[in-house]
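Those protein sequences? They're chains A and B, same order as listed. 1 is the number of the first residue of the first sequence in the working numbering; add one for each residue after it. 1 is the number of the first residue of the second sequence in the working numbering; add one for each residue after it.
To be clear about the criterion: a stretch of chain A counts as covered by chain B if any three or more of its residues have a C-beta under 8 Å from a C-beta of chain B, and this derived list gives those stretches:
| no. | region |
| --- | --- |
| 1 | 223-229 |
| 2 | 240-246 |
Far from chain B, some chain A residues (derived; all Cβ distances over 10 Å):
| no. | residue |
| --- | --- |
| 3 | 20 |
| 4 | 115 |
| 5 | 135 |
| 6 | 168 |
Worth flagging that the hints you see were computed from the coordinates, not collected in a lab. Cβ coordinates follow ideal geometry from the N, Cα and C atoms, glycine included.
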Amino acid sequence: MNKIVIDKENVILEKITKSIDVNFELRESEFGISKIFIKVLKNSNLFFDINIDNSKYYIEIEVDNNVTLNIYEMKKGNKAKIQYNYILLNNSIINLYKYNGTTSIKEMILVNLNEEYSKFNYNFKSISKSKENYDLVINHNSKNTDSFIKNNIVNVEDGKTTIQVSSYVDNGNIGCNVDQSNRIINLTDNKCEIRPNLYIDEYDCNANHSALIGGFSKQELFYLQSRGLSINDANRLLINGFLLSDFDNVKMIKEIKNNINEYWG
Amino acid sequence: MHNLKINNLSVSIGDKKILDNFNLEIKSGEVHTIMGPNGIGKSTLLKVIMGDDTYTITNGDILFDDESILDKTVDERANIGIFLGLQTPIEIEGVSNADFLRTACSTKNKNNFKLMHFIKELESNSDKLKLNKDFIHRDLNIGFSGGEKKKNEILQMYMLKPCIVLLDEIDSGLDVDSLKIVGDNVTEYKKDSNCGILLITHYQRLLDYIKPDFVHIMVDGKIVKTGDYKLVKYIEDNGYNEYMDSSKKTEKLGTCIVRESLKNE
Numbered sequence: 001m002n003k004i005v006i007d008k009e010n011v012i013l014e015k016i017t018k019s020i021d022v023n024f025e026l027r028e029s030e031f032g033i034s035k036i037f038i039k040v041l042k043n044s045n046l047f048f049d050i051n052i053d054n055s056k057y058y059i060e061i062e063v064d065n066n067v068t069l070n071i072y073e074m075k076k077g078n079k080a081k082i083q084y085n086y087i088l089l090n091n092s093i094i095n096l097y098k099y100n101g102t103t104s105i106k107e108m109i110l111v112n113l114n115e116e117y118s119k120f121n122y123n124f125k126s127i128s129k130s131k132e133n134y135d136l137v138i139n140h141n142s143k144n145t146d147s148f149i150k151n152n153i154v155n156v157e158d159g160k161t162t163i164q165v166s167s168y169v170d171n172g173n174i175g176c177n178v179d180q181s182n183r184i185i186n187l188t189d190n191k192c193e194i195r196p197n198l199y200i201d202e203y204d205c206n207a208n209h210s211a212l213i214g215g216f217s218k219q220e221l222f223y224l225q226s227r228g229l230s231i232n233d234a235n236r237l238l239i240n241g242f243l244l245s246d247f248d249n250v251k252m253i254k255e256i257k258n259n260i261n262e263y264w265g
Numbered sequence: 001m002h003n004l005k006i007n008n009l010s011v012s013i014g015d016k017k018i019l020d021n022f023n024l025e026i027k028s029g030e031v032h033t034i035m036g037p038n039g040i041g042k043s044t045l046l047k048v049i050m051g052d053d054t055y056t057i058t059n060g061d062i063l064f065d066d067e068s069i070l071d072k073t074v075d076e077r078a079n080i081g082i083f084l085g086l087q088t089p090i091e092i093e094g095v096s097n098a099d100f101l102r103t104a105c106s107t108k109n110k111n112n113f114k115l116m117h118f119i120k121e122l123e124s125n126s127d128k129l130k131l132n133k134d135f136i137h138r139d140l141n142i143g144f145s146g147g148e149k150k151k152n153e154i155l156q157m158y159m160l161k162p163c164i165v166l167l168d169e170i171d172s173g174l175d176v177d178s179l180k181i182v183g184d185n186v187t188e189y190k191k192d193s194n195c196g197i198l199l200i201t202h203y204q205r206l207l208d209y210i211k212p213d214f215v216h217i218m219v220d221g222k223i224v225k226t227g228d229y230k231l232v233k234y235i236e237d238n239g240y241n242e243y244m245d246s247s248k249k250t251e252k253l254g255t256c257i258v259r260e261s262l263k264n265e
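With the rest of the complex left out, here is chain B (with noise of 0.2 Å):
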């Protein structure tokens, strides 16, 4: 059984604040879903726990099974279990695929590593993600579709097997028959290693595939409510208009939006 505990984290990016004393625990076999409107600060969240140096912590923690590890980097905390898979993967040319795996699980598997049952497990796992077999041996990244992509996150949280997975917007660019190889790959994850999962998305759909046993609405930078899975729908139909300061909220006048704060000037 593992934990990690954000315990009343502000973050800030020069003179922005971004976090304000958030706090959120996620155990082994919980899936976790973070919703909000954009740019309030969920990506970065997941960021800063990674250990992102962009950003300054200003108060607070974050333990992985009850030790901080502010001090540590972001591949330690790799190694010790956190995997955070990315809305917008980077492009590396000239680094193939495997090479890249083969490294990052030989780095983390240390003398255990064995390139037969590496090899075995890639084909095995690129099979079950309906990925093509020249696939691994592209420049990682490089002419990816949006769906290859996200499907690749996947692949690399299966061959390094994290006891926490962060997914920042899996679903994002992702076709109908691929959102549910995804979702249906990542439910699999989980099971098999009971590890604790925190989503962010904007969408119902994805959670169709990965049910959450909680979700949280984020604005400003901190959690304003939490629910289950009936808050998705209720997110769906309603927004998220009743949880924001009053000024910023937006107000439907004909076909024009106006902002409460101008309304007055």
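Bound-form chain A, shown alone (with noise of 0.2 Å):
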């Protein structure tokens, strides 16, 4: 698997194949961001491996033509402001799968699926242990193009979440697909925000919503209580299923579990 590894302020490129072009330039003197810039040629998975201290990124990644990509995405450390970009062209395909497990981020993340039967789709988990910002930007722009987006967060500590989601369908734009489902679990009394949008300018559309701020529902509670668990064992449950759902990637999944453990051990 193609692998990047940014360590702070070091990007690594490693065995990183001809199906992937990546350049970069980093702490742009001005704001003191650094960039990087993928395109992808071929049908490629990517691993990005990303350890961040106090420091802002912009990563720009754009899919060929009738390609598509795999993204599995993990974050440490803390204070981390990044910008994603991605850019889709013609039948291309990206499946995101990421987890951040550091303290205190910003996050833009911006969308744009340019051409026809381009599709995005979005799988995030978080557990949220101080202030994160998540602001995604989903640009429908040309007809038949999907979009899914899923965000999975557990608010513990001093977790403070808000997530915003802006989903833009202009007229003409026939035929497109747009989901949002934004669940943030939130153990602490700190508030919580989802601010699901929906700009769809296009009667030929497929658009729907969910966002949901609270605890585990008390009927999967008793329902796991009424077979011999815990409410500890049951909550411990659940919060497995709801961040490792979706996921197959052994390193996300291992790192998720050790992050798991170390709350609900």
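Bring the two chains, given one by one in their own frames, into a single complex with the hints.
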């Protein structure tokens, strides 16, 4: 698998194949932002291993026509500011599996579905223990484009999580599928916020969103307890499911399980 | 030998009384069936026995082996051997059937839990219920058909080996073949374990497979008639009208159904 390691201010390319072009500029002087530009030419898997410390990054990924890119991204460290820009061309697909283990993060995620039949699947998990702010903008710039956004976050300790997801479909861009599912399990008294926005200016469009902030449902807990699980075991099992569902990368699963055990072990 | 005794149990939710001085005793080896019109507290009874705190117990007691279980939590009740098979099993994303059952069985068996024995037993019980091999690795009840959900409840019963089994409309949503499988397996489990069973159903068909020793008619939160299997046939032919409060009786007049209390208005 292609691998890019971001270790504080350093970018290390590991096992990068010819299917991916990577260029980067470290710490652009004016704002101290490091930039990484990736162009994906053939079907690829890409692993991002990010360890950040008070750093700012801009990551741009462009996926060529008829190419599928699977991204596995794991982050740790603290105080990260990252802006992503995903550009999808004709019939291209990004499947993104992402886990945040940092303390304090601000992300701007820009998705441009520029050409027909492009598709963006976003699957994000985090255990939020301080301020986390995620702003996703999904532009359906062409007809027959799809976006499926899923954010699952558990809010603990001093966690204050805000998610804003804005999906745009302009008039004339028919046949788009726009889906947002945002869920924060808030185990604190801190304020969390979800702002799901669907800006749809086209009748021929399938758009859905769900947003939920709260604990696990009483029925779920009752069901698990009725099989003999203590309330702690039931919560741990539910958190495991919430944070591990849809993920199949062994390294990511191991990291998430370790972090789950820190809190609910 | 075990017994579950319900003494003068009254239960409310908010201002609404659901169970009213309810009495019943279930001993090992006995099969009790409760029948009755919709909405008269049958499912509530089972949830209250299991410890669902949605309901308030205003009077009476529930005894397991002559000791009150009212102060026991849901999981404590499960771990002394009470099992509730739900009418609508809860779907939990990300939690696999196998993880769930392994956690439940290891909690129940503590230091005596042996993984290999668990796997063999799980496979053997899945075969008995004619469940596919992949079934156990799917998320708990997610995407299961009605029949699969009910079979999964019976699989859990097999694995947890309860001595008192409460089954809430376990026949609903089952086709004739699945009904036979579920019925035969409950009967086999009862024969092997000598457990006591409390079964709620609306139809005779399940009782063709699980022969009840006692049939109770429940109306307005209490048992109004107890009999043997013949009572089931009588109810199938005549309905519940003669057991109901006159204000709630229905009478057929042509094609209209008119409530007795409305006829004088």
